[in-house]
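Top line first, the protein sequences correspond to chains Y, P, X and Z. Per the working numbering, residue 1 is the first one in the first sequence, and the count goes up by one each step. Per the working numbering, residue 586 is the first one in the second sequence, and the count goes up by one each step. Per the working numbering, residue 959 is the first one in the third sequence, and the count goes up by one each step. Per the working numbering, residue 1332 is the first one in the fourth sequence, and the count goes up by one each step.
Since the hints were made in silico from the structure, they are not lab data. Some hints here could point you the wrong way.
[What the hints assert, rightly or not] DMTMM-like mimics (lysine to aspartate or glutamate), calculated; alpha carbons at most 25 Å apart, straight line:
| hint | chain 1 | residue 1 | chain 2 | residue 2 |
| --- | --- | --- | --- | --- |
| 1 | Z | Lys1643 | Y | Asp317 |
| 2 | X | Lys968 | Y | Asp317 |
| 3 | P | Lys777 | X | Asp1166 |
| 4 | X | Lys968 | X | Glu991 |
[Stated by the list, open to error] Residues of chain X clear of chain Y, computed beta-carbon distances all greater than 10 Å:
| hint | residue |
| --- | --- |
| 5 | Gly1027 |
| 6 | Gly1048 |
| 7 | Ala1055 |
| 8 | Pro1069 |
| 9 | Arg1102 |
For glycine and all other residues, C-beta sits at the position ideal for the given N, C-alpha and C.
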Amino acid sequence: MNPAPTALAAGAPIRPLGHRLARWAGPTGPLSLATGLVLAALVLPPLAVLLQVSLTTVNPDGSPGALTFEHYARLFADPALYRSAWNSLLFASFATLVSLLFGGVLAWVVERTNAPMKGLAYLTAIISMGTPYILYVTAWLFLFGRAGPFNDWYRSLSGSTGILFNPYSLWGMILVEGFLWSPLVFLLLSATFRAANAEMEEAARMSGASILDTVWRISLRLAWPAILAMALFVFIRNLESFDVPVLIGTPGRINLLTTDIYLATKEVPPLLGHASAFSVVMIGIVGVLLLLYGRVSRSAERYASVTGKGFRPRPFDLGRARWAGGALIGFNFVIILGLPLVALLWTSLTPFARPIRLAAVPSLTLKNYRAVFGVASYLDLAVNTLLVAAGAATAAVLITLCAAWIAARRRAGGTALDQLATLPLVFPGIVLGVAMMELALRAPFPLYGTLWLIALGFLVRYMPYGMRYAYSGVLQIHRELEEAAGVAGAGPIGTLRRVVVPLLSPALLSGWLFIFLIAAKELSMAVLLSGPGSQVMAVAMFDLWTNGQGGELSALGLLWALLMTLFATLFYALGRRGSAGAFGR
Amino acid sequence: MSPATLQVHKLSKVYPTADGPAGGVREASFTLEPGAFFTLLGPSGCGKTTTLRSIAGLETPDAGSIRLGERVFFDAAAGVNVPLNLRHIGMVFQSYAIWPHMTVFENVAFPLRVSKQQRYDRAEIRRMVDTALDTVSLGGFQDRSATRLSGGQQQRVALARAIVRQPRLLLLDEPLSNLDAALREDMRTELKRLQQQIGVTTIYVTHDQAEALDLSDRIAVLNGGRIVQIGAPRDIYFRPQSSFVAGFVGATNLVHGTVQAGCGAEAVAPVLLADGQVLHCLFPRPAAGSARIAISIRPEAVTLTPAEAPRRDGWNRMQGVVATSGFLGNMNRYGIRVGDAVMQANTGPEAIFPVGAAVGLHFPSDSAVAVPD
Amino acid sequence: MSPATLQVHKLSKVYPTADGPAGGVREASFTLEPGAFFTLLGPSGCGKTTTLRSIAGLETPDAGSIRLGERVFFDAAAGVNVPLNLRHIGMVFQSYAIWPHMTVFENVAFPLRVSKQQRYDRAEIRRMVDTALDTVSLGGFQDRSATRLSGGQQQRVALARAIVRQPRLLLLDEPLSNLDAALREDMRTELKRLQQQIGVTTIYVTHDQAEALDLSDRIAVLNGGRIVQIGAPRDIYFRPQSSFVAGFVGATNLVHGTVQAGCGAEAVAPVLLADGQVLHCLFPRPAAGSARIAISIRPEAVTLTPAEAPRRDGWNRMQGVVATSGFLGNMNRYGIRVGDAVMQANTGPEAIFPVGAAVGLHFPSDSAVAVPD
Amino acid sequence: ARKEGAVTWYSGLIVNQVVRPLVDGFERTYPGIKVQASRLPSGEAALKIMNEARAGKPQADVFDGTAVTFRLAAAGVIERYKPEAARSFPEGARDANGDWTALNIYVLTPAINTEMVSDAEAPKTLQDLLDPKWRGRIAWTNDPTTAGPPGFIGNVLTSMGQEAGMAYLKRLAEQRIVNVPASQRVVLDQVIGGQYPLALMTFNYHSVISAKDGAPVRWLPMQPAVEVPNPVGLIRNAPHPNAARLLIEYVLSEEGQRVLRDANYLPANPAVPPLDPALTPAGGHFAATLITPETTANKLDEWTAIYNELFK
Ligand SMILES: Nc1ncnc2c1ncn2[C@@H]1O[C@H](COP(=O)(O)OP(=O)(O)OP(=O)(O)O)[C@@H](O)[C@H]1O
Ligand SMILES: Nc1ncnc2c1ncn2[C@@H]1O[C@H](COP(=O)(O)OP(=O)(O)OP(=O)(O)O)[C@@H](O)[C@H]1O
Ligand SMILES: [Mg+2]
Ligand SMILES: [Mg+2]
């Protein structure tokens, strides 16, 4: 054949005008558009409110006043800003590192080796997600604090009057935050490791590499894009986190960027301009990170080695080090779950706050449990909470399923959808709460003060997490399975419903459970958005906490965690049965 | 529906990469008669799958047009692009893409359940699925979970799914490449029978020349994104138009030389080799004197004899020494050192020459085909 | 290191599944001479990979022992199990498992860098990697990123990586199955040359009989987790000990019949078929009178003639009608209806019989081999 | 009022201890009117009430809370109402204009862990707090209201005078008081738990409650203490104004105040003495600085600024 001397032969790119538009005209165009509209409707109004609040003064009656840059000016004029920024950076980076190291190594051990007690790791992750942060953090502080058993023992052993651990330090904060988020890292990375191509590792072993060599030179490098994406995600979350910086940083006089913001929101009424300006700046920074993240998570596919065909997971035989792996899982259990639960159990059994000492044992009482069971309204709260959390989780999973599918498959508008869905990650809860409140008040239908509003708020707030779960899930489905549905005549919705959803169900279930669990304990928004008829559990717990009913709080928290665990276990059992049926396992 | 004529015209689809557009397929044109079995053959990465996916609607081509019967599927100039789910095409993927969460029955029934053009009721679906499964000899497997099938069975489920709606066009992307040799042969026979039975126009993608030659009515050989030859299997095999086709479609020995005297099409003419030997070759196309050409000699066309055997009439004879010998079961394969080159020769399993033996290589003139160098 | 004798004794490895232990391999025993090229051949799921992985140390067998030279790798009874990274074995995986985040050089240098037994300095590493890459004809590709390699090149990188430390044993798991036909043949030749050049004891896994026959010194045919025959290629092909081996190692026609009179080993004796015909067959093992047996006749042993051609001396002759015909390039394949059965016959590309023609099937008695039914 | 059928109360009080018993009592007295109580921290309460008012959709009828009142007054969302039941209340316990009426009284004092601090060591005066031995061992809430550090600062400045007060505060700041990001009650619990031996600005009745359970804690009648009324009031354009008035009347009535008292609070109604009379400045004969919402409105920003400058 004689190649015709056309532009083609010259290798020039052939991209007729409107080629990009053609993508939109494709069968997924309408779905992209619809998902985009829903996402925009969810994310952009709060963003607009945020911008407005950050750019206006507040009149005494709380209405927005004149345009001003004062909030930004104040932000940057603060002489302590650079110190706080530095602290924030340290805190976010090292906490991310701790989460990644701890959660990541754990995920690897659980997914890729024959270490014993793997179930325990999952149990730990799930229960820990069901336990309110505040309980967690206070439990750790209680244990490692000045009067905690560890410093107590140290004093009695060494005879000194000082302390061994000072949790009210930057390192204390980093550790606590790191541990707090390691279950999430664990759950998401274990999916990555599960999907890894075992032959890559075996080839290294056959080449004479020890297990450590193999992990360091092969496994980690191959999972690198996924790890990096995960790291960015956790980093962003840490950067905007409030709980730990405030609970630990304030007494320790360690100011982070968010500490100030938090204090501003504690004024009466909260000074939202400041917080909003901060959020806007954060959105800018995080926007850059998100772009980076988008690029990284895209290249994660390059190494995606799963096709599903002939794939058998083959764990490493750790030999005697098996028990070291088991020990790590045990340590994780103790640190993430065991110790805090012991602390909670102790406080729930003592009549008033007391350090853990043998001397206090005779005074132990069940009165706190009696008190909890004596309050009938907890039942309503529990029902409300379950409804709201389940509603938010369901909606978030549905929306992010569409968004993640479009994004992961590079359909029209995919990147935009991904970023829209990830954006709420940077809204501080209270700011988002205010935005939602404003919007609900302006809504033409009765939304304000209903459970719907809380669910909506949770939906926006936790969409980014749903997105992560769904996105990595979609990447694991062999593309041809979907294409076969298209060729067989199914439209995008049909493909999604009949093929993608069933195949994705394990990832979707995990995502659902995750959102459900963290939504059930979310506080800052719940306080603002709940009306008299729509109180949720977290508000009640907050009430107990501010009233110093620590014992009752612990009792309630423990019971709540128990309920959540039962719920999650049931859910997993059902899920497993469901997917066992689906996959013939 | 009755099969229809498929017309692919100047189809181009290249992929943007960091170093500019690459891969894909460029300016592919062909027309398929209704009921034809057409094969795209070529080495890995030559653009076979891209072509197939463009026809299926899984890729949006950059240029060209695709029409089936009177229906325009795609026309870059006119801006027409029918979504894939409305094209009514059956396709079997290389990985089969059997949905693991469904039974065999549900897999095959899927195209009927999602059909937009026509609603099928339960009884109809059951009847059509049963028919399709019977056609691929999988009657009775209806309720088996799709994950509990062997490779060959999966392949047949994929086929049943592709034909259940009686598509106007059937696309098969290397459907046999995942199977082991014995199964592959069985399935090949099966596939051929099936296509003849239902008479659907079929495009088959493979890189296995034996498969292509065995199954097809017509073959298009692709290389580097372009179609380099289209023709009937025997044309492709016996009348390659380039040394690439000669070498890719079946093993061959290529010998280089100069045409001694110009000749017309389908004529036998002498060719002078570098070492001074003269071979008589078949020229499928006219050739000018003193043009440089290559001669393709199939290993199975070569008969080996002890060195002293004379040249037969109308045959060529070369002289060499056995360099390697291999036993392939149904034949022996010899590498014969002739001058600097090693020529391959296949013989029946009974003829045995030891390595180092001097042998004569004999082949008829019409088995030495001239191709452009 | 010099190659050593590999002894595998009663190796068993089964997988626990929901319905009891299944799959894997059972009681496999064989001994390999230093430098031998040994092939495990069998259908998908017969336990080839399991055997190979057990030798490599990637699986822990349930029973048996494995020793290389004087070194015991594994002995279930004695509780010995050398970790895989200390076994000093080279292995090529079916997927090649080339690490995408390294260059070609780094991929090949990896075994040297992580070596525990010996530290190599930079110059040494460079020299050894270069040698290995030259051996597989990839000199000059050192700095290429591993993701930018074609299938054949990846395959050779994997090979270079496996041999760079000069292992005492080389394990290859279907190294050619991902390549296209033309490349597969080239690599086969290459592999054979290479193994002879470095002289390493090699175990090769494949389900392709042509590959096995061509490459191996000895072949073990596996079926359902058990070794059913071990022998030299020609033994396996011409003297199958079961109809499974006959059918799996090369296409064959199996005809069932009854021994008319008992006979000794390597004797030719008449067999009565169901339709009353008598065929003369070769009995590799002694047979008792009136035993039921199967006769294996290779398609390429069958010569087709027009129906009227007479029986040749020492040959068998059957009568049939051409049912199918296929063109495979280097041969034609015919399906001939003989009574109720269809027999396959391969002929050279020149012999052409139309479908429906009555033909005679001729084959020598020693090409009709009796196997247990 | 009965026609309205319901009344909504945004409360900063503790639901289980006070709000629910009050609601139960009210609903028993006025069957047919349902009380919907919503627990809100001050900041959120102010935000919600103001935003609802602005949107023209007020939801709440009744509010309470120290920190909320003056902001709401400034925002103009309070409906003036002088309850019948409060006729007998002292000056400082009701607003002359009727913006608010005290529901109860808070008395804020230091408290010590009795296991860590002996009676002899316990600080008796504000000056004792400057003793170097307390350095880094004093805690207080970081609540930016008059019940938190700003209230303490106000107390010092009011009682010592502007100049002497500032000098004192500067020296106190060198003690590096620990800002605990939690309520006064939680700070007290940390004292009980042994994290800190001494806390400032705790509600004195909390110490009494805990001590009754056996906790090693005691409040110090250090003079002057801080006295803050907890106001209750009516919201302008409330959806259920009449029922709201009934509710306010009820909670201020002797019956309502007894409910408060039984929950260990210090009632505002002089007719209902507290369980432990020694807790109030009057009953316990100690001096206290009364900080009313008006003072708060005038001074809080200034005191908060001092807090931010010196103690954060
Ligand atoms: N999505 C893509 N992006 C960039 N390049 C691509 C893409 N898909 C295919 N290519 C390139 O286009 C060329 C043709 O690919 P195609 O899949 O059509 O080959 P093929 O002939 O089917 O090969 P194989 O036999 O290996 O399946 C290849 O070089 C491939 O690398
Ligand atoms: N980890 C495992 N768990 C359960 N069964 C297994 C496992 N690995 C292999 N098997 C089973 O053991 C049998 C032998 O497997 P093996 O991989 O050795 O087969 P093979 O001969 O290499 O086949 P192929 O040609 O398909 O690679 C198969 O039936 C397989 O299903
Ligand atoms: Mg392809
Ligand atoms: Mg295998």
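We went through each hint and held it up to the structure:
no. : hint                 : result
1   : Z/Lys1643 x Y/Asp317 : violated, 54 Å
2   : X/Lys968 x Y/Asp317  : holds, 23 Å
3   : P/Lys777 x X/Asp1166 : holds, 22 Å
4   : X/Lys968 x X/Glu991  : holds, 18 Å
5   : Gly1027              : holds, 18 Å
6   : Gly1048              : violated, 7 Å
7   : Ala1055              : violated, 4 Å
8   : Pro1069              : violated, 4 Å
9   : Arg1102              : holds, 17 Å
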